[in-house]
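If you use my numbering, the sequence shown corresponds to residues 9 to 338, in order.
Derived by calculation from the structure, the hints in this document are not laboratory data.
Just so you know, not all the hints are guaranteed correct.
[To be verified] No farther apart than 25 Å at their CA atoms in a straight line, the calculated lysine-lysine pairs in the PhoX-like style are these:
#, residue 1, residue 2
1, K255, K205
2, K306, K140
3, K98, K140
4, K255, K98
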Amino acid sequence: MGATGRRGRAGLALVAVVLLGMVAACGGKVGENGRFGVVYMDAQGFYAGVRVGMQQEAEALGRTPQLLQLNAQGDASKESTFIDQVSAAKVDALILSPASATASVPALELAHESGIPVICYNTCVAEQSARKYVSAYVLGDPVRFGSMLGERAAEYFLAEGNTEPTIAVVNCEFVEVCIDRRHGFEQALQEKLPGAKIVANQEGATIDEAVDVAERILTANPDLDAFYGEAGGATMGAVRAVQARGKVGQTVVFGSDMSTEAAQALAAENILKGVVDISGIAVGKLAAQAADDVRTGKLTEYTVVPAPIDLYATPDDGSDWLRTHPDGVP
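Build the full structure now, drawing on both the sequences and the hints.
Spelled out as structure tokens, the structure:
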């Protein structure tokens with residue numbers, strides 16, 4: 009057996025363990041209060057908040073449905089295997105942030121054809137497929153998300169007297185929402201600063217990837233004024249690269265997704281100058297509510313559920329976030 013085959017069987021075993029573990033942990037009769045299959049792209053940051061919010065809302069609904077959960081780690085194959093399992097188990101709803109706008113479509117089609125309502129959050133498949141297979145999509149408008157940060161960047165550079173800043177993007181554009189975020193950022197920035205220039209745009213969604221990408225960009229653009237991080241890993245990777253390359257005081261960062269590390273960096277005031285965030289807890293609550301609404305017949309066709317978007321622009325904002333999120337869950 010080749011390496012790919014071994015990984016495939018290991019993935020099946022992992023999914024089985026996750027399913028059995030969650031059912032056993034919940035106790036009671038299986039399916040008594042409903043069962044939701046839930047897929048996260050990660051176990052930390054935003055997705056940890058989604059998990060907490062979903063559990064809180066489930067308890068508030070008074071049904072406490074069992075949550076059969078998987079951290080897919082952005083792997084569409086692992087995601088697909090899990091969806092096969094929960095489709096066969098006939099869960100009441102599938103709640104997920106799909107790993108790919110295209111590669112995730114067959115799995116969502118399977119769930120839909122199995123009679124399982126699909127609720128997307130944060131990311132989803134392409135709209136044409138979403139309208140076929142998805143019941144609800146919890147989404148903070150990604151264009152507005154990016155534009156809020158573009159406005160903050162323009163405000164910062166105008167205050168600094170820099171009307172022609174050079175900016176590099178560290179992206180997560182394997183998902184469509186990140187492309188939309190950049191479009192919003194660029195439009196808002198250049199409306200106020202027509203001389204602003206995007207000099208690089210490279211993928212670096214995880215912190216480790218983003219550090220490497222940002223350091224290479226700094227090597228190629230030693231006078232760079234700023235980074236724009238489209239996601240949390242991209243943001244903090246850029247911050248670390250600025251520190252590692254001794255660019256503190258020269259290159260600043262505008263980023264996405266609050267976390268303890270991001271709040272600390274914002275409070276420090278020396279590199280990170282603004283963060284736009286959609287609370288994972290808020291999204292988790294909305295996703296659980298949407299799943300229950302579909303389950304009870306309150307939602308009968310594809311619906312976009314808006315999620316709130318917040319801007320953190322000052323050191324005090326960072327300090328306040330740390331005080332109100334002592335457990336670090338966004």
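Tested hints:
no., hint, verdict
1, K255 - K205, "19 Å, holds"
2, K306 - K140, "18 Å, holds"
3, K98 - K140, "19 Å, holds"
4, K255 - K98, "54 Å, violated"
Of the numbered hints listed earlier, the single one contradicted by the structure is hint 4.
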